[in-house]
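Colleague: Here is what each chain is made of, one letter per residue.
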Amino acid sequence: MKKMILLSALTLLTTAAAQTSLSGTVTVWSWDVAAKALQSTIPGFNKQYPNVKVEVVDLGNQNVYDRGLAGCAAGGADLPDVYSIENNEAEVFWARFPDCFTDLNTLGADKLVKNFPAFKWTELTANNKRYAMPWDSGPVVIFYRRDLYQQAGINPAAIRTWDDFLAAGKKLNTKFGNKVKIATIANGQDDEWFRMLANQNGCFYFNNAATQVTIAQPGCVTALSTIKKLNDAQVLATGDWGGQITGIKASKAASAIYGAWYEGTIRTNAPDQKGKWGVYLMPASKAGGPRAANLGGSALALPASSKNKAAAFAFMQYALGTAQGQVAMLKGEGLVPSLLSATKDPYVAQGQAYWGNQKVWQTILGTLGDVPQARGTQYFQDARQIMIVVQADYLKGKYKTAQEALNDAAKKISSATGLAVAK
Amino acid sequence: MTTTLPTPPRARRRFQAAPYLFVLPYLLIFASFWAWPIVSSFLLSFKDSRLGATAPWSVANWTRLAGDEFFRTALKNTFVILIIQVPTMLLMATGLAVALNSRMLRARGLFRFAFFAPLVVGTVAYSAVFRLLFNTDFGMVNRALGGLGLPPVDWLNQPGPAMTVIILALLWRWTGYNAIILLAGLQGIREELYEAASIDGATPWEQFWKITVPMLRPTLLFCLVLSLIGTLQLFTEPALITNSGPGNATMTLGTYLYQQGFRSFNFGYASTIAYTVAAIAAVVSLVQLRLFGRDA
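Those protein sequence lines, which keep their order, are chains Z and H. What the first sequence shows, in this note's numbering, is residues 1 to 423, in sequence order. What the second sequence shows, in this note's numbering, is residues 1001 to 1296, in sequence order.
Rather than coming from a laboratory, the hints here were simulated on the basis of the structure. Keep in mind it's a predicted model, so treat the numbers as computed, not measured. No incorrect hints appear here.
The list that follows gives simulated cross-link-like pairs (lysine-lysine, DSSO-like), each with its CA atoms no further than 30 Å apart: (1) Z:K228 with H:K1076; (2) Z:K423 with Z:K398; (3) Z:K252 with Z:K179; (4) H:K1076 with Z:K411; (5) Z:K179 with Z:K396; (6) H:K1076 with Z:K396; (7) Z:K411 with Z:K400; (8) Z:K398 with Z:K229; (9) Z:K53 with Z:K111; (10) Z:K344 with Z:K274; (11) Z:K400 with H:K1076; (12) H:K1076 with Z:K398.
Starting from the given sequences, assemble the full structure and let the hints guide the process.
Modeller: What follows is the structure, given as structure tokens:
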């Protein structure tokens, strides 16, 4: 017992010493809502590390990616101490620039593995190195307008399959004379719908070993057929990111399907619609089928060129590795934690005023365990660009069946990446 | 009768280092920032840059390009713009230049500035404005169409209309610029030619075709070659207004190159595309000079 006390006293003493000894400035690159979220963890972090100054720079999503690649290509020049990276795009960095980022295991990250779900680590580790720490995730749900659904006589609890969703869309069309659509698809601009539905059905561009193109497999065929069915029934509007927000503000979209991080986007863009919104699980392909998927989600990496690694890692550990840090980001900007202990935080069980006092975080985080693994690989962008076009062509009627469309997509992805098509 | 001129005594040429030393700084910069990248990107086109420094030499990028449907789409889109937008623009610019040159026009300076002004506006800002103007639900263009009793057009989400928006944007931005260059050309034509033609009884229309157009040919050719090279490198408008979409409907060689180079970070393949674009630009410019540039 004495030994224990002595030991813990010693640990306390050494950590205390470490905390005051850390100093200097830590620069963080991030984007939009994510940058604001990181900002909100700084006061808590500074209570423990008063001598470390954290500067979050909001560069915008595209810019962070582009400047990161440029910096790595230039051998680590002009990179920050902490770098935000989307899971889907992460492998481009590890594959092309294996020495650009610090192996976090060397700083003790291997002890944190169990604190996060396995699917979050898939894209962050390569060549036995742990390149980044899991941040938020994007469990997919349907955000919906209670008032519009009610006026059209739709009960969201009864929407269990995509067919139910389609029928609800028709009700909205009839009620509002085609002026209000049940959801918006970025057809021709993005393939997010396909990725969400494919993931739900256990399929993705590539297999989890990143050795084969699996886009023509049955789960993906189901996903694309469903999208076509919804599109042909004319229950969807078309619009890109900005167009979707405009539609929400103008009450022309009765729901939105996205990763849960979209919560903050709706809440901050349409503050006047407070209380009118709610959340329900994404419909399944077949009755009783899985109702979970993941879209997006990010991580934080530590450039090897950082001059202040200890302080940078301390910040990452506080912001991402503690429930306080993660819940601060959830409260402020609706970033969904992937830290398992944060999902048990009392805040998660609270009703949210904007969402009509629904306990949305419980609903959303409840799906986290059902999310099938999917891997972006370093060829994510190639596959995505091809799929955007194939989806648009298929919806336009260029292919006879979803299988035919996806066979073509698989062939194209294979020729762009050099990976074989799965049989 | 032949006379042979006496050849001057040949000056003794000695090698002198000084001139070379003077141009050496320039040569070094030129070699490292111009010549080397050009050579390097050619070498890169024979490597799969995604595999890192150890990638073996191969012609895979070139064979991929030969069968690449996306590249063909980009090429086709670029040529559609080239064939529709460039002649329309030059026609409009010529008309505009003649009008701006007219003595009957008041406040010519103001008009010249007004037509040149689009070029001064930042590309990002003007792209954003075009996106707003052509927004399907809330854009001013569809409002105007509605006012005329016409149905709305889904401008940015349909292939044909999206291409139309790109062409309109390019016309808005570049017509004035070309008009100003042509105006300079017009002002170089001597007034006496027109006076003489009027005395001989030529109508203004005849004067335009027999004097203005032939005299303006070098300037027109200059504008044509510049527009052509500009179109082959076209990037800003399709990237910022339509994001190359919907699908690949407005993807140009420029945006495809960017996508491969900076989104997929596949510099090997991007270099292959770049070299192909450069070759196409050289061939098309040559053909133009041959066709229109006999004595220009």
